Every structure is written in C-alpha cells, then in structure tokens.
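Got chain A sorted already, so can you dock chain B onto it with the hints?
Same order as they appear, the protein sequences are chains A and B.
If you're matching positions, the first sequence starts at 1 in the numbering used here and goes up one per residue.
If you're matching positions, the second sequence starts at 1 in the numbering used here and goes up one per residue.
Keep in mind the hints are simulated off the structure, nothing from the lab.
The structure displayed is predicted, hence computed values, not measured ones.
Please note that the accuracy of each hint is not assured.
Same chains, same label: a pair holds when it works inside one copy or across any pair of copies.
[As the list claims (entries may be wrong)] Straight-line C-alpha distance at most 25 Å; calculated SDA-like pairs for lysine to any residue:
1) K108 to T327
2) K108 to V198
3) K108 to R265
4) K108 to L40
5) K108 to Q272
6) K108 to D174
Protein chains: 2
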Amino acid sequence: MSGMTGAEAMARTLIGGGVEVCFANPGTSEMHFVAALDRLPALRGVLCLFEGVATGAADGYGRMARRPATTLLHLGPGLANGVANLHNARRAGTPIVNLVGDHALGHKPLDSLLESDIDALAGTVSAWLRRSSTVDGLGTDVAAAVAASLAPGGTGPDRTGTSGAIATLVVPADLSWSAPARLAPPEPVAAPAAPSPVELDPVAAVLRSGEPVALLLDGTALSGPGLRAAGRIARATGARLLSRNWPARQRRGAGVPLTEPLAYRGEQITAQLTGVRHLVLAGAREPVTSFAYPGRTGRPTPAGTRIHALPADFLEALADEVAPGVTPVVARLDPPPLPPGELTAGNWAAVVGALLPEEAIVCDESITAGLTTLHTATASSPPHDVLGLTGLSIGQGLPVALGAAMACPDRPVVCLEADGSAMYTLQALWSHAREQLDITTVILNNRAYAILRGELDRVGAGAAAAGLADLSRPDLDFVSLATGLGVPATRAWTTEELARQFRHALSEPGPHLIEAMLLPGA
Amino acid sequence: MSGMTGAEAMARTLIGGGVEVCFANPGTSEMHFVAALDRLPALRGVLCLFEGVATGAADGYGRMARRPATTLLHLGPGLANGVANLHNARRAGTPIVNLVGDHALGHKPLDSLLESDIDALAGTVSAWLRRSSTVDGLGTDVAAAVAASLAPGGTGPDRTGTSGAIATLVVPADLSWSAPARLAPPEPVAAPAAPSPVELDPVAAVLRSGEPVALLLDGTALSGPGLRAAGRIARATGARLLSRNWPARQRRGAGVPLTEPLAYRGEQITAQLTGVRHLVLAGAREPVTSFAYPGRTGRPTPAGTRIHALPADFLEALADEVAPGVTPVVARLDPPPLPPGELTAGNWAAVVGALLPEEAIVCDESITAGLTTLHTATASSPPHDVLGLTGLSIGQGLPVALGAAMACPDRPVVCLEADGSAMYTLQALWSHAREQLDITTVILNNRAYAILRGELDRVGAGAAAAGLADLSRPDLDFVSLATGLGVPATRAWTTEELARQFRHALSEPGPHLIEAMLLPGA
Numbered sequence: 001m002s003g004m005t006g007a008e009a010m011a012r013t014l015i016g017g018g019v020e021v022c023f024a025n026p027g028t029s030e031m032h033f034v035a036a037l038d039r040l041p042a043l044r045g046v047l048c049l050f051e052g053v054a055t056g057a058a059d060g061y062g063r064m065a066r067r068p069a070t071t072l073l074h075l076g077p078g079l080a081n082g083v084a085n086l087h088n089a090r091r092a093g094t095p096i097v098n099l100v101g102d103h104a105l106g107h108k109p110l111d112s113l114l115e116s117d118i119d120a121l122a123g124t125v126s127a128w129l130r131r132s133s134t135v136d137g138l139g140t141d142v143a144a145a146v147a148a149s150l151a152p153g154g155t156g157p158d159r160t161g162t163s164g165a166i167a168t169l170v171v172p173a174d175l176s177w178s179a180p181a182r183l184a185p186p187e188p189v190a191a192p193a194a195p196s197p198v199e200l201d202p203v204a205a206v207l208r209s210g211e212p213v214a215l216l217l218d219g220t221a222l223s224g225p226g227l228r229a230a231g232r233i234a235r236a237t238g239a240r241l242l243s244r245n246w247p248a249r250q251r252r253g254a255g256v257p258l259t260e261p262l263a264y265r266g267e268q269i270t271a272q273l274t275g276v277r278h279l280v281l282a283g284a285r286e287p288v289t290s291f292a293y294p295g296r297t298g299r300p301t302p303a304g305t306r307i308h309a310l311p312a313d314f315l316e317a318l319a320d321e322v323a324p325g326v327t328p329v330v331a332r333l334d335p336p337p338l339p340p341g342e343l344t345a346g347n348w349a350a351v352v353g354a355l356l357p358e359e360a361i362v363c364d365e366s367i368t369a370g371l372t373t374l375h376t377a378t379a380s381s382p383p384h385d386v387l388g389l390t391g392l393s394i395g396q397g398l399p400v401a402l403g404a405a406m407a408c409p410d411r412p413v414v415c416l417e418a419d420g421s422a423m424y425t426l427q428a429l430w431s432h433a434r435e436q437l438d439i440t441t442v443i444l445n446n447r448a449y450a451i452l453r454g455e456l457d458r459v460g461a462g463a464a465a466a467g468l469a470d471l472s473r474p475d476l477d478f479v480s481l482a483t484g485l486g487v488p489a490t491r492a493w494t495t496e497e498l499a500r501q502f503r504h505a506l507s508e509p510g511p512h513l514i515e516a517m518l519l520p521g522a
Numbered sequence: 001m002s003g004m005t006g007a008e009a010m011a012r013t014l015i016g017g018g019v020e021v022c023f024a025n026p027g028t029s030e031m032h033f034v035a036a037l038d039r040l041p042a043l044r045g046v047l048c049l050f051e052g053v054a055t056g057a058a059d060g061y062g063r064m065a066r067r068p069a070t071t072l073l074h075l076g077p078g079l080a081n082g083v084a085n086l087h088n089a090r091r092a093g094t095p096i097v098n099l100v101g102d103h104a105l106g107h108k109p110l111d112s113l114l115e116s117d118i119d120a121l122a123g124t125v126s127a128w129l130r131r132s133s134t135v136d137g138l139g140t141d142v143a144a145a146v147a148a149s150l151a152p153g154g155t156g157p158d159r160t161g162t163s164g165a166i167a168t169l170v171v172p173a174d175l176s177w178s179a180p181a182r183l184a185p186p187e188p189v190a191a192p193a194a195p196s197p198v199e200l201d202p203v204a205a206v207l208r209s210g211e212p213v214a215l216l217l218d219g220t221a222l223s224g225p226g227l228r229a230a231g232r233i234a235r236a237t238g239a240r241l242l243s244r245n246w247p248a249r250q251r252r253g254a255g256v257p258l259t260e261p262l263a264y265r266g267e268q269i270t271a272q273l274t275g276v277r278h279l280v281l282a283g284a285r286e287p288v289t290s291f292a293y294p295g296r297t298g299r300p301t302p303a304g305t306r307i308h309a310l311p312a313d314f315l316e317a318l319a320d321e322v323a324p325g326v327t328p329v330v331a332r333l334d335p336p337p338l339p340p341g342e343l344t345a346g347n348w349a350a351v352v353g354a355l356l357p358e359e360a361i362v363c364d365e366s367i368t369a370g371l372t373t374l375h376t377a378t379a380s381s382p383p384h385d386v387l388g389l390t391g392l393s394i395g396q397g398l399p400v401a402l403g404a405a406m407a408c409p410d411r412p413v414v415c416l417e418a419d420g421s422a423m424y425t426l427q428a429l430w431s432h433a434r435e436q437l438d439i440t441t442v443i444l445n446n447r448a449y450a451i452l453r454g455e456l457d458r459v460g461a462g463a464a465a466a467g468l469a470d471l472s473r474p475d476l477d478f479v480s481l482a483t484g485l486g487v488p489a490t491r492a493w494t495t496e497e498l499a500r501q502f503r504h505a506l507s508e509p510g511p512h513l514i515e516a517m518l519l520p521g522a
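Chain A on its own, in the form it takes in the complex (with noise of 0.2 Å):
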C-alpha cells in the first residue's frame, strides 16, 4: 500500500467496481487523481474541453453500456457546467458516477476563489450525495456510488424497473492526496432489486375486454425485448403502441415492432388518444406537456381515458399470458428512396433513413428539424438504437454521441444536431476527434431556434423579437467549426450532396460532421 493516495484507492475500487471510463476536465483539486489515472489503464481518461460534455458523455455511455462511466469535475463551477446534461441524464434513468473534486478540508473556511456551495448544486441533479470525510472511507465511498448509481430511484422513465440513477461523491482534495491505512475492498456492487410482484390481471383484462387499448412505451418496454413482447400483446389484442417521444434508448429498424411516438404538443396528443378507452404506462409516466400555454392543460390524456400502470419489467409476463406463442408484427427491411433535390426539414430525414447502416447508434438532437419525419423515415431502415433528447435542455447530442461511441467502439454512431442546441456544447468534436471515434454528425442548419419561432408566433411577438429566434446574421459557419476542432467537414446543399457525403463519412474511421443546409420555411 505504500504510495497510494486516497485518489487511487478511489480509481482502484471504480476499476473493481466495472468502471472504465473517467470524462474529464480536471483542476488543481483533482490532480492526485489524474495522476492516479497515470498509474492505472483500466480506467481511461478522457478528456473534454467543458463540462457539459463530460457529462453528457457519461449519459451516452450510460444509455449503451448500462453501468456507469464516471465523470471528473472541478469544484462548484465544474459542477455548475456539468449540470444541465445531467439534468437530462436524471430524466433518461442514466447510471452515472459524478467525482467533484472540493478544497481541502482546513481550505474551506478561507473561502478562496473558487469556494462555492457544491452540495447545493449536486443536490438538483443526484438521487444519491455523500461527501467523503475520511481517507479511509474514500473506496467504500465510491463503491457505495458506484452502487447507487446502479440502483433504482432515480426520476428517470421507469421508476420502478432497472434504470439507474446519478450519484454524485464530493471529494476534498486532502483526501485525495493524503495515504490511507487500508484499502476498502470493493463491495460487490448490489444487484438492481428485483421488481416487486406486480398484479397482471387488471390489465390483462382491460386487453381482452374488447375496448381500445394503447400502451404507452418507456424505459425498458423501448428496449428489443421489451418491444418485442408489447408486439406480441398489440397483434394478439389490436392495442396500439404509443412511445415516448425522445427517449432515452429505443431500439428501432427492421425487425423490430413498431411504435407511434407520442406529439409533443398537447392538443396533438388529446387528437392522438382520442377513442383510446384505456391507456397502459408501460415504464412510462402519464403524459404531460413540455409547457403551460394559457388556457390549456397540461395532462391532455382525454376525459374520457383510463389510465393503468404496469412496471416495463412486466412486460414480458403480460405478453405470455395475453399473447402466448404469438409472433409481434416487425418493421421490415425497406429503407426509403433517397429523395432528389434541394434539402428542406421534409426531406433530410429519408436520405438518413435510407443510408443508416446497421447497428447504428443515432443520437437525435435534431429537435423541430427531425420530430415528424425522423421516425417514419428510419422505420425499416436496418435494426439500431436511437438515444434521445430526455430532459429537454439543449446541447446533449454531440456530448451523448462522444459516450456511445466510447461505450460502443464497433458501432457507427449517427448524431442527428440542430444547430442552435449544437452550439451549446460544440467543444465535443474535440473529443470525437481526440478519441478517434466513429461519429457522423449531420448539423440541421436552418438558421434558426425554429421551436422558438413557433413559440413566438403564438404570443403574436413582431419582428424584432424573432430577432431573439434568429441564428443568421451572422451565419455559423459550422464546416469551419469543426474543422477548428479538428474535425473534418463538409457541405450540404441538396439530398444527393448529402447522401454521397453520409457514405463518405461512414465509410471511413474517424468522426466527420456534415452540414446539411435547409432551405429556411421548407
């Protein structure tokens, strides 16, 4: 044991744990456990130029990997940067590892510069906070997040089932460079508590009484077994089956069963589930609305719709006992035609759907650029798994692609960016770059915070306020973006452009970013 900081002891029980990658941007406070990352390979650094990314990289990792990668965070302000893709992370049920490196423990009080109220800000975004007060104490520490992490209890889609959640260890720097006496032995890490029984037979009923039924799919009911049973249950009892929209990980593509994913706005959703007598949350929440608008709901399920829950993990249970031996109706392999043309919102989608390889990783930050063609236009595209926008705030996609192609190497990844939430945390390419990894970005660049102009048009707002929605003026430049981030680029003006240069990207290792230009209205 001699030479061991505290900081490797914590680095040895994540590794003893199954945690292998450490997103980081480190300061002074977090040295000692870069150095330990010196000294120990099986925990790989990786680097990120903001927070934010690192973070979000961790969410991405999380989504594919199912076990938590670990993020590396400076103080309070490291924190802060990090906490909005951690917000979406805690929506997406993602398993992570949050290491906040704080002043030394006799520092504190002097309240130096960068003292701030760490606790507080980890508060908002963790289902589980501890900060460290002993050396000894720091690898049961960890290994108690890296648990926790892995446990159920987060406010992610399926509460119930075996989505993780955020842990977050606060570390004070003398811990990390002071010697412990003894390294922790690395607690087993708990396995997910096994759901509580759950009573089928209501449901069950409700699905053979004849009257319209629709499942609404989340968590792990969006996973490839979990659809494959709500495919059994639809073609035995002719229940439709509804998803979430931007989910967290929905596997999609031939061979998988079809979903219709929920509207985004409210009184499409009220028209959606119109005539539907019972409405079945299957790891899902009951519907709500993004916003308030003056005089609408917020809960546009309609009146006259019964609402029955049922844990994703049940899924399978109630297909074999409402659809045994039955075979769920899939998608089948029929990718779309490319479109001809100049590209527009409309068309873009079909030039990804109809060149997606296979086991494709497609992270859809697209927002109003992808909402209604995305889907329909990657629906018999070849099998592979979409990673989407959970919490709403922006700048997750090129974060979450860097994660999944971290936690999936052999596996092409697709990040779908609009080009208002791209500019949130572009620093990314940096560490598609860095890493090498295999990530083709498309950027949706309509000059615009699009969601927003519809926003305004419905406060009746005039024309300088549209000014707070505009992206021209200038224009970004988004080939020369990337290029800056080391990044190679290219771009796109009509569909063929687009679809020659998507092989291109695809067909050579290494990330590439694409602009796709779409004209403005269309």
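Frame of chain A; chain B shown alone:
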C-alpha cells in the same frame, strides 16, 4: 393598460430602473418577455448562444457601467449553464439582475421534462433571490431586484463599499402572460447605503510609524480616484502598493499610480510580504491561496505582519489625513518597444503593451500566459481599465468583453484569452459579430492547460496524466473557429505578425480575432 402582459410590466420597470440591456438565451417560458422586448426598444435584447455567455456579458457590462444589465435565462438548466460566470460576477461584486423563467404555477406539480430545483441553483450565486407569486407584484419584484443588485452585500472584493450584488428573480410563465391590474410604479432605486464611519486614526498611526507598511488594494481602491489616493499615501509615507491579482476592474497605465500585483502562489506571496510589518487591506480581503497543498498554509501572510482593514471608500479621507497636498507618483506614457522574433509566453505581452490604444478595456483571461508579464508590459501604456478573472472559473473573458463593449461602445476592447479558457464560452464570438462590437481578441495558444501542467509536475504525475492537460491532438484552430462564428481572424507566429495584425484589428470597426501561437515551453 389594455393588452399589457406581466412580462411587459417587468420590462417597463427595468427601463424605469435604468436597465438598458438584456443578455438573453430564452426558451418557451420566456417568450412573453421576448415579445415585450419587441415593443420596448429602450431595453435591448442581445442574443447569446449559451447562457454562460449571457451571464458573463452581464458581468462585463456591470463592471464597466456600474449598474446592472439583466439576463434572461430558461428554467433550471438555463440558469445552471450560467452559474459559473455568475460565480465570477459574485466574486467581482458586479450588479446583475437575473430573470429566470419558470413553468406556470399549475404546471410545476406535473414534473414535466425541464422541471428542476431552480431556487437551489440560484441560491448558490445570488445575494438576493425572490420567486414572484402575483402578476400585480411583478413590477415591485423587479424594482426590488434592481435595488438589491446595487446594494452592497455581495461577496465581492469590498463587502462594505459600493460593490454590487447578484439579484435573481424567478418568474413563473403564467405571471408573464397574464395582464396586471395595475403597473407598479417604478420604485426609486435606493442609493447604496453610505458606508459607516471608520476610525482612521489607527491606520494613520501605522502609516506614520515609520515601520514597513503595504496597502493591498481591491474593489474601488483600484479605481482611478482610489489609486490616486493610494498613490498619495505611498508617496507621503513610503508604503508599498499591492493590488489583488485578477481584479474585477483596475485602472492602469499612464497617469495612474503603479501597483505591484499579489503573486499567485502562497510561497511567492509570503516572500513578497516578508519584511512588511503592517498590511492594510483597502477594500481587499486577507490574502488566501486559491488552493491548498500538502503541508502548506492557505494564509500566506508572514506571522510577523499585522493586518489592518480599511474600507476602500475611506482611502481618500486617509490620504487627506496622512498626505495632504501630496501628488502621487504615476506611470509615465512610455510603452515598451516591440520585441522581435517568434512569439513566446515571455514576449507577447510586450506587443500588447506597445500598441494598446488609449482608454482600452483589457479583458484579461490570459492565465499562465500573462501572469508574470502582462502587468509590467502594460504599466506605461496609455490609460486603460483591466477586467480580471475574479472567481477563477475559466470561460469569462470572451463574455466579459461582450458586456464591456456593450457598456462602452466608444472604447476599444482587447480580450486576452488563454486557449483552454476560450473553449469554455467561445460562443461569445458570435455575439461579438452580431453586435459588430469593437473587440480585438488575442488567443494565447500554447496547446495546453498550462496551469495544470504545473500542478501535475507538483504531484509527480507521468505522461498519460499529462495528456489530460494537453490541448494538442488535435490542435485547436482558432482561426477556423472564429471564422465559423463570423469573426474575421488571423494567425501570428512572430511578434511582428502579431503587431501588424493587432494594429489592423484596432483600426477596423467590428470584432477581430488573432491566434497568437506561443512557442511551447518558452
């Protein structure tokens, strides 16, 4: 009053309180405020592509205007993205009014996707925090926020003087869109409380004692009048003048008394203060180190040095007592000669010092690249103001430059940015271009988090760890990055190239960026 929304009442009250600029990154819950801006051109909306740009710009604006700008932030995640630069602003004692939109009151219990604990986040950086609860109270709430931002009580350099504070008002969307029955009369903004009388005699006695005295200046003691008073005292009594490093705002250059900046490291500060019998803190706090290190003290003032406190506002009265009729020694106008050759960490600052225009505002986030050289190189340049990295949370320089230029459109702004720090909030360049501000940014590209390299050397880390402080692989190309954000950019490898490009940038209106390539290790 017909047709007026709560949002418009807020905007009118801000205008009545002297607020002229709103640095905004709005979302759906802020659309009615955006619409109000449309009708009220006296409150100018400046769009920022990331909230950290908006809050940093409000910091720069407040430091120069000495009155608040307002920010417009979107719910908890939007505020979180702005927290790091609010941390810096808090340490600077800058007046800022944050308007944070929240969900409508009835919508909050639905826990919709963007719901989070705004109040906990805001509490970490706000001296004043209120959540509006009635539309008729909005005007009063906003007036109180403006007044609070101008009251002392922040944690800036001079807690007893005239520095401002961060006031955050959380505004539920339904209050913004509702119609108030009455418009609250704009409350008169309370004048900052007159400082309590201070007993000057003990400090005067110290200064007359003949024992070695140093004045450590911060806050308003670093203003032109404050420095002249300090200079009179120094000339009359032989006291040394020290200044906080990275001040919120310091007057410097020809005609201004010189100060010796406090060193960064504790052992350097101890050496600097050795032999000083009395340290008079004029608007300053006792020196503490930024970080703790094993076996070193965080309070580096030598044991034999007695500390005395004096609010900065009493510096002139003290000068009248101990230095009546005395004229201070001031810096002559004598810029350094242009150094020849390849650019290094040691010579770039002399180029800036040689060419700095009169009344420049120097936003200094050069960190290690400028720590030991910039102060000397610009000491005899034309008179100017320097705005420093007050809270050590990197990513404030480019946003602060945006705000300073908005506050002082007739003054040239020079932004000196380390490469790693620039990448935190690079989006600010786009707002530089959009507003066509006279900002010349010099990126000091040493391809490293150089400050971390130094820290890693201290802990004896090896090559892999050093990779986490390395910003090459791939090299950042700031010319491409600036071009992509609409700012004309050039690259300089030699002092001659930097001089030519710097002159050109200053001679043309609008923003420019120069990437200064510093020889590694030099």
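Hints and how they fare:
1. Neither within a single protomer nor between protomers do K108 and T327 lie at most 25 Å apart by alpha-carbon distance, with minima of 62 Å and 42 Å respectively.
2. For the homomeric pair K108 and V198, neither the shortest alpha-carbon distance inside one copy (49 Å) nor that between copies (29 Å) is at most 25 Å.
3. Proximity of K108 and R265 under a CA criterion of 25 Å is satisfied inter-copy only: 17 Å between copies versus 47 Å inside one chain copy.
4. Taking the closest pair of Cα atoms, K108 and L40 never come within 25 Å of each other, the shortest separation being 30 Å inside a single copy and 46 Å across copies.
5. For a Cα distance limit of 25 Å, the shortest separation of K108 from Q272 across copies, 24 Å, qualifies, whereas the shortest one inside one copy, 55 Å, does not.
6. In this assembly of identical chains, the alpha carbons of K108 and D174 lie at most 25 Å apart only when taken from the same copy (11 Å versus 41 Å across copies).
This entry does not satisfy hints 1, 2 and 4, going by the numbered hints stated previously.
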